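Peer 1: Note that the UniProt record's numbering has the sequence shown beginning at 1, numbered continuously upward.
A few of these clues could be false.
[Stated by the list, open to error] Okay, derived cross-link-like pairs now, DSSO-like style, lysine-lysine, Cα gap no bigger than 30 Å in a straight line:
id : residue 1 : residue 2
1  : 92        : 50
2  : 92        : 30
3  : 62        : 92
4  : 125       : 92
5  : 62        : 50
6  : 30        : 50
7  : 125       : 50
8  : 30        : 62
[To be verified] Label pairs and their calculated CB-CB ranges:
id : residue 1 : residue 2 : range
9  : 3         : 66        : 20 to 30 Å
10 : 98        : 73        : 17 to 27 Å
11 : 157       : 4         : 19 to 29 Å
12 : 120       : 43        : 35 to 45 Å
13 : 70        : 98        : 16 to 26 Å
14 : 51        : 128       : 23 to 33 Å
15 : 128       : 50        : 28 to 38 Å
Hints listed in this document are in silico derivations from the structure and should not be mistaken for laboratory results.
Quick caveat: nothing in here was measured; it's all calculated off a predicted structure.
We treat Cβ as the ideally placed atom computed from N, Cα and C, and that holds for glycine.
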Amino acid sequence: MVPTIVPVLFPCLHTIVSLPQTYGNYLRTKALSIVYSCTSMLGTMSGAYKAETTALMAQMLKPWMDQFSVILQQPVQPEDPDDWSMRMEVLKCLNQFVQNFPSLTENEFMVIVGPFWQTFVTSLKVYVQSSIEGEENPYDGRYDSDGAERSLDSFVIQVILWWHL
1 MVPTIVPVLF PCLHTIVSLP QTYGNYLRTK ALSIVYSCTS MLGTMSGAYK AETTALMAQM
61 LKPWMDQFSV ILQQPVQPED PDDWSMRMEV LKCLNQFVQN FPSLTENEFM VIVGPFWQTF
121 VTSLKVYVQS SIEGEENPYD GRYDSDGAER SLDSFVIQVI LWWHL
């Protein structure tokens with residue numbers, strides 16, 4: 001089912017993610033969450049259907065990597081949990097791409113390095129301000145409608161985990 005739906009679904013999801021002036025960060029995050037789930041499922045299937053899943057992802061990887069680069073390039077905002085959640089989903093998607101389709105992501109990986117560094121540096125500033133200097137973070141302990149945590153701490157943990165890839 002997933003290999004059948006991905007070629008139709010991914011372009012629609014890409015449209016949502018790539019139009020911040022039309023779609024808010026919350027909806028864009030939900031679209032990325034679907035990309036993550038589908039990529040995870042394709043990764044699971046790649047054991048038995050490696051050629052098919054690789055061929056499927058090969059045509060879709062570049063537009064997603066370019067869009068992830070655009071998202072990660074923007075400075076992290078200190079009081080925007082929707083932005084943190086979206087970046088966290090981007091990092092989770094990247095993790096799935098790298099783990100499940102390493103030969104495909106190898107060529108596209110350089111487009112992410114600079115923008116990821118921008119996210120790392122600006123999130124560090126926000127984290128120091130909030131957690132180390134002790135400024136109150138009104139977003140701690142918040143969850144979205146699906147139960148996913150929307151805190152700066154969970155975002156920073158995801159950034160650090162991704163750094164270790």
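Peer 1: A separate judgement is required for each hint: does it hold in the structure or not?
Peer 2: So, going through the hints one by one against the coordinates:
no.	hint	verdict
1	92 x 50	holds (21 Å)
2	92 x 30	holds (13 Å)
3	62 x 92	holds (17 Å)
4	125 x 92	holds (22 Å)
5	62 x 50	holds (19 Å)
6	30 x 50	holds (27 Å)
7	125 x 50	violated (41 Å)
8	30 x 62	holds (20 Å)
9	3 x 66: 20 to 30 Å	holds (23 Å)
10	98 x 73: 17 to 27 Å	holds (19 Å)
11	157 x 4: 19 to 29 Å	violated (35 Å)
12	120 x 43: 35 to 45 Å	violated (25 Å)
13	70 x 98: 16 to 26 Å	holds (19 Å)
14	51 x 128: 23 to 33 Å	violated (47 Å)
15	128 x 50: 28 to 38 Å	violated (43 Å)
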